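Letter by letter, the chains look like this.
There are 2 protein chains.
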Amino acid sequence: MADLLVVGSVALDSVETPFGKVHEVLGGSATYFSYSASFFTQVRVVATVGEDFPGAHLRLLGDRGVDLDGLKTSKGKTFRWVGQYGYDLNEAKTLDTQLNVLAEFKPALGDGLRRTPFLFLANIDPDLQRDVLRQMKERPRLVALDTMNFWIQGKQEALRRVLADVDVVTINDGEARQLAGEPNLIRAARAIASMGPRTVVVKRGEYGALMLTDGAFFFVPAYPLESVYDPTGAGDTFAGGFMGYLAAQERIDAAAMRRAVVYGSVMASFTVEDFSLKRLTRLRPADIADRYTAFHDLIRLDGE
Amino acid sequence: MADLLVVGSVALDSVETPFGKVHEVLGGSATYFSYSASFFTQVRVVATVGEDFPGAHLRLLGDRGVDLDGLKTSKGKTFRWVGQYGYDLNEAKTLDTQLNVLAEFKPALGDGLRRTPFLFLANIDPDLQRDVLRQMKERPRLVALDTMNFWIQGKQEALRRVLADVDVVTINDGEARQLAGEPNLIRAARAIASMGPRTVVVKRGEYGALMLTDGAFFFVPAYPLESVYDPTGAGDTFAGGFMGYLAAQERIDAAAMRRAVVYGSVMASFTVEDFSLKRLTRLRPADIADRYTAFHDLIRLDGE
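Here the protein sequences line up with chains U and R, keeping their order. Sequential numbering of the first sequence, starting at 1, is according to our numbering. Sequential numbering of the second sequence, starting at 305, is according to our numbering.
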């Protein structure tokens with residue numbers, strides 16, 4: 001079990017889906033990621049919140065053993081996101097973004113964090129992602145990066161620079177096509193791998209995920225849920241399960257990577273069952289094991 | 305290896321996709337189905353064509369050992385379909401349908417066909433599907449049915465009547481939602497199973513297929529093709545591989561059903577690589593075995 005560092009956002013989200021509505025609940029990429037990964041390994045968070053950030057949210061993460069020494073409280077208000085989903089839960093509509101303290105976020109890693117062996121660069125400005133990578137005293141064993149259309153469109157050069165230096169990129173299907181400039185998803189994944197990352201994980205919402213690693217594809221479906229309440233955070237929860245599982249392994253080979261994709265899918269499948277981190281906070285390790293087995297049953301071809 | 309009977313259409317298709325265009329080429333549900341299934345078992349076709357139907361097409365099927373005794377040449381012209389696909393190859397736009405001899409199609413099974421142990425009722429009027437089922441002297445070991453939005457909308461009562469009497473239904477995802485009146489695909493599949501069929505196979509185009517059988521789900525991705533030329537016939541080719549494989553098995557259990565879904569996916573993955581049956585006519589049994597292994601590699605979680 002090795003330490004896992006995440007640099008990303010901690011946010012207050014207001015979300016409306018066809019199944020309900022929540023106002024300024026706990027959200028943010030580093031939040032979902034760290035909570036999810038905490039079931040597998042020791043996680044440390046580097047992020048920033050405003051003075052208005054509720055202490056109860058910090059306790060929620062602290063209770064899971066998440067190390068919050070790198071979470072800085074800055075003057076001002078916490079980052080806020082307001083989003084809406086229609087019946088096509090694959091597509092979020094951003095109604096409002098208030099960057100607040102996130103606008104000035106310049107992640108500075110304390111000495112204790114500069115040798116963390118597993119690093120997740122959540123979706124932030126690619127120049128900041130690159131800066132974090134440079135602060136590391138030793139090349140981590142595994143560096144993964146997430147990004148989004150905003151950076152692909154606005155800072156693609158910077159994004160490509162940092163992509164060249166990471167091992168894994170997680171990206172959704174539309175963004176993969178956009179980044180590669182290629183409508184065929186299979187070609188798009190190969191094109192992104194050629195930009196640097198040995199492993200490309202494409203998140204496809206209700207259609208699951210696919211991984212291209214060392215030239216070989218692996219597909220996992222989404223868990224067949226009868227009720228999906230809110231997909232917010234699913235991608236970061238996925239990444240948390242994926243990286244958390246790998247950080248806990250002695251050996252990271254192709255088989256471990258495949259299991260990691262399934263653990264990522266397992267964790268994401270819980271997140272979408274309720275708003276914010278509600279479902280995750282009710283989660284027991286046995287639930288994770290059970291759903292992993294259920295996932296295996298969904299895709300296994302041999303035996304009974 | 306047991307006999308497999310298909311009742312469906314033989315057509316002349318004109319298709320345009322972003323990758324090319326063909327005029328009045330061989331098509332039709334019974335055509336794709338029987339050609340695909342012929343790699344696994346003995347297939348017999350009940351269908352109708354007009355006097356204009358090219359003999360070369362018949363020879364193509366005959367050369368694969370497909371029994372065409374039930375293919376009737378009627379006075380008039382062969383059924384024609386004109387369709388177009390945009391870059392979203394999941395959605396066909398029908399530009400023209402000329403039913404011609406298909407308008408008067410009343411499948412009459414000769415004595416030799418009334419005891420065929422495997423039966424596929426391709427997408428035709430559900431009343432005709434039911435009539436074929438009634439002509440069987442013995443209940444076949446396995447009856448599968450395909451349908452489409454046209455019948456779901458226009459003849460749902462008749463469709464539900466025949467659904468109650470079949471073992472397997474193959475249906476695409478949009479049609480599954482429409483038939484069940486339920487946007488969640490997992491609930492939709494369960495709702496369709498509750499209408500009668502023990503097995504529901506949902507075809508999802510580029511997202512693969514899922515099967516619900518005896519309450520358990522199984523997911524298979526689409527083969528990761530870098531070039532898809534024409535999806536026409538993919539669903540019927542899938543059904544041909546699925547039913548053909550099962551007809552060749554001694555025992556039809558859950559594991560055989562899963563393998564059948566993969567063989568269906570294998571066959572469909574070839575069909576979409578070229579227009580009409582072009583890719584299938586170049587197919588060797590070794591290609592099928594190789595792609596089956598490749599499919600297994602795409603989804604296997606354990607081992608190397």
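Because the hints were derived from the structure by calculation, they are not lab data. Take the hints with a grain of salt, since some may be wrong.
Unchecked claim - To give a feel for the contact side, a few chain R residues facing chain U, derived at Cβ under 7 Å:
| # | residue |
| --- | --- |
| 1 | E320 |
| 2 | V386 |
| 3 | F523 |
| 4 | P525 |
Nothing here was measured: the structure is a model prediction, and the numbers come from that model. By construction, the Cβ of each residue, glycine as well, lies at the ideal position given by its N, Cα and C atoms.
Now for the hints, and whether the structure bears them out:
Contact between R/E320 and chain U, as hinted, is not supported at the beta carbon level, the nearest pair being about 17 Å apart and thus beyond 7 Å. With a least beta-carbon distance of about 24 Å to chain U, the hint placing R/V386 at the interface is violated under the 7 Å criterion. Because the closest C-beta pair between R/F523 and chain U is about 4 Å apart, less than 7 Å, the hint holds. For R/P525, the shortest C-beta to C-beta distance to chain U is roughly 4 Å, which falls under 7 Å, so the interface hint holds.
The structure shown violates the earlier hints numbered 1, 2.
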